[in-house]
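Got chain Z sorted already, so can you dock chain S onto it with the hints?
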Amino acid sequence: MPLIGEAPALTPGPINTPINGYQLIEIDAGTSAGYGGIIIAQTSATITNTITTTGNMAANMDMQTWQEWNQIYTLTMTGTGGSGCTNYVTKYGGWPFTAATTAYNTSVVNHFAWNVWNDRYDRIQAAGTRAVEIQRYSRRKLSEAELLAALAEEKRAREEAEKRAAEARAAEKRADDLLRLCLSPKQIDDLEKKNCFYVEIDGRGGKKERYRIDRGSHGNVKQIDDKGSIIRSFCIQPSGVPAGDILLTQKLWLEASEETREEFWATANITPLMQEKNIPHTVPRSERRRYAEAHGLLH
Amino acid sequence: MTSELTREALDTPPDGKHWMACMDHTGDTKVMWSKDNEDEVETARQAFKNMKKKGYTAFRVTGKNGEPGEQMNEFDPDAERIIFTKPQAGG
Chain Z
1 MPLIGEAPAL TPGPINTPIN GYQLIEIDAG TSAGYGGIII AQTSATITNT ITTTGNMAAN
61 MDMQTWQEWN QIYTLTMTGT GGSGCTNYVT KYGGWPFTAA TTAYNTSVVN HFAWNVWNDR
121 YDRIQAAGTR AVEIQRYSRR KLSEAELLAA LAEEKRAREE AEKRAAEARA AEKRADDLLR
181 LCLSPKQIDD LEKKNCFYVE IDGRGGKKER YRIDRGSHGN VKQIDDKGSI IRSFCIQPSG
241 VPAGDILLTQ KLWLEASEET REEFWATANI TPLMQEKNIP HTVPRSERRR YAEAHGLLH
Chain S
1 MTSELTREAL DTPPDGKHWM ACMDHTGDTK VMWSKDNEDE VETARQAFKN MKKKGYTAFR
61 VTGKNGEPGE QMNEFDPDAE RIIFTKPQAG G
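Those sequence lines, one after another, are chains Z and S. Under the numbering used here, the first residue of the first sequence is numbered 1, with each subsequent residue one higher. Under the numbering used here, the first residue of the second sequence is numbered 1, with each subsequent residue one higher.
Hints in this document: simulated from the structure, not taken from any laboratory. Certain hints may be false.
Under the rule of at most 27 angstroms between Cα atoms (straight-line distance), these lysine-lysine pairs were calculated in the BS3-like manner [as the list claims (entries may be wrong)]:
1. S:Lys-64 with Z:Lys-193
2. Z:Lys-207 with Z:Lys-186
3. Z:Lys-277 with S:Lys-53
What the simulated footprint calls covered on chain Z by chain S, stretch by stretch (three residues with Cβ under 8 angstroms from a Cβ of chain S suffice, anywhere in the stretch; the number is not a length) [to be verified]:
4. 156-163
5. 203-214
6. 233-239
7. 285-296
Restraint-style ranges between C-beta atoms, simulated for each label pair [as the list claims (entries may be wrong)]:
8. S:Lys-35 with Z:Lys-207: 16 to 22 angstroms
9. Z:Ala-165 with S:Gly-16: 15 to 21 angstroms
10. Z:Lys-186 with S:Lys-35: 30 to 36 angstroms
We put the CB at the ideal spot given by N, CA and C, even for glycine.
Okay, chain Z solo, but in the shape it has when bound (with noise of 0.2 angstroms):
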């Protein structure tokens, strides 16, 4: 008989079939029959309370945890009440009180077992998602061991994607905070509310060129006219870096030279929009481009 504190040598046995959303690993407590049981919930019922050295077992448990804890016990268990607990144990679905006097006394308690229960219960949230899909997929029932590295992994996918998550977030801070600096108030003013700024620029000829540049990454940059229409759209952008980054970069290209504009015309993806307004309503929308096209009536 285990006492207070002693852990007897488990065996992970077999999983039983999930029952109430619960999955059974039976573990066999070396000698003595009875004790122990992991339970891998893959529901996330709350343990409200732990029994307690005196009072009322019952009223010291949370009801649902300790019916739902024998319901799956019972099937696997057979425990054996002390004298003085025999109402706890029909009651209560065979709990195993061992060598007890008294229902009351913490000596009779199964604390492995029910420690187990509740040290294992962050492992058991944990589990989650991921258990439970590894356990679906598999073409046979995974032992203990296989489940606790599963859960193992978990944990580790977790930690890393929030880590991932939370770098991505400075990086675009960071990048965001770079792109500030070379703006003037009017351009972050436009970014903030209409997620994007305006960049003008002597063009060829001399002529003014205005582009709005959106938040974004691809097919971003627009030139437009001097009514704010949209005449084409350039599709460029580097790669691997946060969106401000790309902004910054766009901005920088098209502002600096001739010759970095150049460029970045020449490496765009340019899409010129038509001339909608010349194009008469009868050509279909599948026909428009064509016939733009072909009577000269793309910007």
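The following block gives chain S in isolation, referenced to the frame of chain Z:
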């Protein structure tokens, strides 16, 4: 070599520090130098050359009112802010 690498975005270089920001997946990595510190200038010059070799384009940036950048082909220790952009590709 005492040039500093920093991941801070700096509105103004501290105490005469000049910096260049090299865009990367972290946003950017900055190299800082004081123009009267030869070691730092040399380190920055070397970093500049390395970035150019990698195909990055350098722009000198001045002012705080969205002034256009100026393309740089040679390192200038007097430049307060230099931004290296990665090569672009058409989408």
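Against the structure, the hints come out as follows:
no.: 1; hint: S:Lys-64 with Z:Lys-193; in the structure: holds (20 angstroms)
no.: 2; hint: Z:Lys-207 with Z:Lys-186; in the structure: holds (23 angstroms)
no.: 3; hint: Z:Lys-277 with S:Lys-53; in the structure: violated (49 angstroms)
no.: 4; hint: 156-163; in the structure: violated (count 0)
no.: 5; hint: 203-214; in the structure: violated (count 0)
no.: 6; hint: 233-239; in the structure: holds (count 5)
no.: 7; hint: 285-296; in the structure: violated (count 0)
no.: 8; hint: S:Lys-35 with Z:Lys-207: 16 to 22 angstroms; in the structure: violated (39 angstroms)
no.: 9; hint: Z:Ala-165 with S:Gly-16: 15 to 21 angstroms; in the structure: violated (37 angstroms)
no.: 10; hint: Z:Lys-186 with S:Lys-35: 30 to 36 angstroms; in the structure: holds (32 angstroms)
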